[in-house]
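Enquirer: Protein sequences, first through last, are from chains A and B.
Residue numbering for the first sequence follows my numbering, starting at 1 and increasing by one per position.
Residue numbering for the second sequence follows my numbering, starting at 1 and increasing by one per position.
It should be emphasised that the hints constitute simulated quantities derived from the structure, not laboratory data.
Accuracy of the hints is not assured; some may be wrong.
Below, in silico cross-link-like pairs of lysine to any residue (SDA-like), each with a Cα-Cα straight-line distance of 25 Å or less [what the hints assert, rightly or not]: (1) 110(A) to 50(B); (2) 127(B) to 137(B); (3) 114(A) to 53(B).
Stretch-level coverage of chain A by chain B, calculated; a stretch enters the list once three of its residues show a Cβ under 8 Å from a Cβ in chain B [stated by the list, open to error]: (4) 38-47; (5) 54-64; (6) 88-99.
Beyond 12 Å from chain B on every Cβ pair, some chain A residues (computed) [said to hold, decoys possible]: (7) 16; (8) 19; (9) 20; (10) 34; (11) 125; (12) 128; (13) 137; (14) 143; (15) 156; (16) 161; (17) 162; (18) 181; (19) 183; (20) 190; (21) 193; (22) 194.
Here a beta-carbon is modelled for each residue, glycine too, at the ideal position from N, C-alpha and C.
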Amino acid sequence: MPDTALRVLIVDQNVVRASILEEGLREAGYRDVIVVRDMQNLLRRILDEEPDVILIDLENPNRDVLEQMCQVSRVVSRPVAMFVDKTDAGMIESAIEAGVGAYVVDGLRKERVKAIVDTTISRFRAFSRLRTELDETRQQLADRKVIDRAKGILMRERQIDEEQAYQLMRRTAMSENLRLSEVARSIITAQGLLRS
Amino acid sequence: MSVETEIAVGFLPLLDSALLVAAHEKGFARQQGLALRLHRETSWANIRDRVAVGHFEAAHMLGPMVVAESIGAGQLNVPLVAPVALGHGGNAITVSAAMWRDMRHEGADLGGNPASLAAALGRVIRKREQVRLAPPTFAMVFPFSCHNYQLRDWLVSGGIDPDAQARLVVLPPPLLVDALRSGQVDGFCVGEPWNSIAVEAGLGVIAAVASEVWPDPPEKVLGMRAEYARQNPQQVAALVRSVVHAAEWAGQSGNLPELAQLLAEPRYVGAPEAVLLRALQGRLRLARGHEPVSRPGFFRPDAGATVPELAHAHRFHECMLRWQQIQGSTDLESLALASFRPDLRSAALAAVTKHERQG
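Use the sequences and the hints to build the structure in full.
Expert: Below, the structure is given as structure tokens:
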């Protein structure tokens, strides 16, 4: 059983990703989740909140700030360690690949923390997939606009209907081994040149 | 014509990434049959972890980080080795404009002897203690770093206890200038170009350079997993030669303008070319509005500064003991020494000499 009483602190400047992770942890039953977005005086903030687990995205240069918490010193009363189970190389690698680091109060047993790290890794991956899909959708939308414009040009210049204009572009793309959007861009460029 | 071997190498945007940039851009790596893929990273922790899990074959690494991971004092504690160093020096200690005003009241002179400046800082701190003001905060870049140890040694030289009379925190270089502006820190020890950037902004004054605190100071190394080095001796030798040949090139002062131009590119350090060139030439503007002064040996990218000396590993281990980052044991000391491999560097260079003799 995961220990849902643990206090989890998320350090992530990406608002969307932080929300996705926060939601994931709440769904898994963790009630005590804090998201930190302000990177000023990060160490002070963390020390004040006294979290049991800190999750930080690897694009964040503030990761090194957390490293000093791994030192037993007067700065930190509760030393932390990166990841829990150093022998679990698979988990460490998955986390780093997903782009997240986990710092855990030293002495917490690994079973208590594993569920948190697993949830974090899967949410980070989900976010990354989402980002890729979003980029692709944006690209497709942009391409469709270009193709529509090129179709309009062909219809006007060649006095053909929409379907014929589309088929003409498609055949050209296939014979020239180009993408449809590339052919469309060439048409728009060419028209611009001929007009000016 | 053999196929080039791809090698992923992580680095942080700092002046002392110079030899890796030169090895790649000036073709020294290609001559050794390597295609370097330089990956700019955002933290030392990322560098360490991505070397540990094998995303990077090698990386621009803090010398003490290699020792810490190898003796089990670090985080993942995957044994690392340094077969070649990436130059000497390059760090400086900067204090905020406000702290500098207080130090001047206590007799500090711009460009003066670092110990006397630290002593002036000590007088400022003791006066503040008398009126129960909090100790000043100084930043450095990583717990296991020359920056941490040089900052501590400088404070000690002024009679300051770095733990009791100052607060030492870790901050990443890109955030240091802002932290100085907001008063979050009173000073820091960092590699160039960050000191000069604070000076140019009128926010800080350089109080000392690393080579004044530690003569000919060791700094970054090329770090890699010990296991990788064992399994790929040819690649390691080729990497060592790439770096040493880059250093032979960078050691000629006539090549420094070109090196500064390369480093200034956004994908590498992304700082003003003039600032980088000054640092490469050992000239630093200590305060805004003043002419740059010469600090010979401030940063050495020459071939002589690429030896990962056992004396350096020994020194880092001593620093960790002294500042209670580790407990003493003879086993740890031998592990520390085993992580620096001047023998691998010598072997790589000897192999090429033999090859050249035969050819």
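Enquirer: Compare the structure with each hint and give your call.
Expert: Structure-based check of all given hints:
Taking the CA atoms of residue 110(A) and residue 50(B), the gap is near 22 Å; set against the 25 Å cutoff, the hint holds. At roughly 16 Å between alpha-carbon atoms, residue 127(B) and residue 137(B) fall within 25 Å of each other, so this suggested pair holds. With a C-alpha separation of about 19 Å, the suggested pair residue 114(A) and residue 53(B) falls inside the 25 Å cut-off, and the hint holds. Interface restraint, the segment 38-47 of chain A with chain B: holds (4 residues with C-beta to C-beta distance below 8 Å; minimum three).
Under a criterion of three residues with beta carbons nearer than 8 Å to beta carbons of chain B, the stated coverage of the segment 54-64 of chain A is upheld, 7 such residues being counted. Using a Cβ-Cβ cut-off of 8 Å, 5 residues of the segment 88-99 of chain A lie near chain B, which meets the minimum of three, so the contact claim holds. Consistency note on residue 16(A): stated as away from chain B, and its beta-carbon is indeed over 12 Å from all of that chain's, at 19 Å minimum. Once the 12 Å rule is applied to beta carbons, residue 19(A) is consistent with being away from chain B; the minimum gap is 22 Å.
No Cβ of chain B approaches the Cβ of residue 20(A) within 12 Å, the least distance being about 21 Å, so the stated non-interface status holds. Distance to chain B confirms residue 34(A) as a non-interface residue, since its nearest Cβ pair spans about 21 Å, more than 12 Å. Distance check on residue 125(A): its Cβ is at least 16 Å (rounded) from any Cβ of chain B, clearing the 12 Å threshold; non-interface status holds. Separation of residue 128(A) from chain B is adequate, the least Cβ-Cβ distance of about 16 Å exceeding the 12 Å criterion.
The Cβ of residue 137(A) lies farther than 12 Å from every Cβ of chain B, with a closest approach of about 28 Å, so its non-interface assignment holds. Its beta-carbon lying about 28 Å from the closest one in chain B, residue 143(A) satisfies the requirement of being farther than 12 Å from that chain. Interface exclusion of residue 156(A) from chain B stands, the closest Cβ pair being 43 Å apart, more than 12 Å. With a least beta-carbon separation of about 49 Å from chain B, residue 161(A) lies farther than 12 Å from that chain, consistent with its non-interface assignment.
Non-interface status of residue 162(A) relative to chain B is upheld: no Cβ of that chain comes within 12 Å, the nearest being about 45 Å off. No beta-carbon of chain B comes within 12 Å of the beta-carbon of residue 181(A); the shortest separation is about 28 Å. The Cβ of residue 183(A) lies farther than 12 Å from every Cβ of chain B, with a closest approach of about 33 Å, so its non-interface assignment holds. Distance check for residue 190(A) against chain B: the nearest CB is about 34 Å away, which clears 12 Å, and the non-interface claim stands.
For residue 193(A), the non-interface assignment is confirmed: its Cβ lies about 33 Å from the closest Cβ of chain B, beyond the 12 Å cut-off. The claim that residue 194(A) lies off the interface holds: its Cβ sits roughly 37 Å from the closest Cβ of chain B, which is beyond the 12 Å cut-off.
Hint check: no violations occur; every hint is consistent with the structure.
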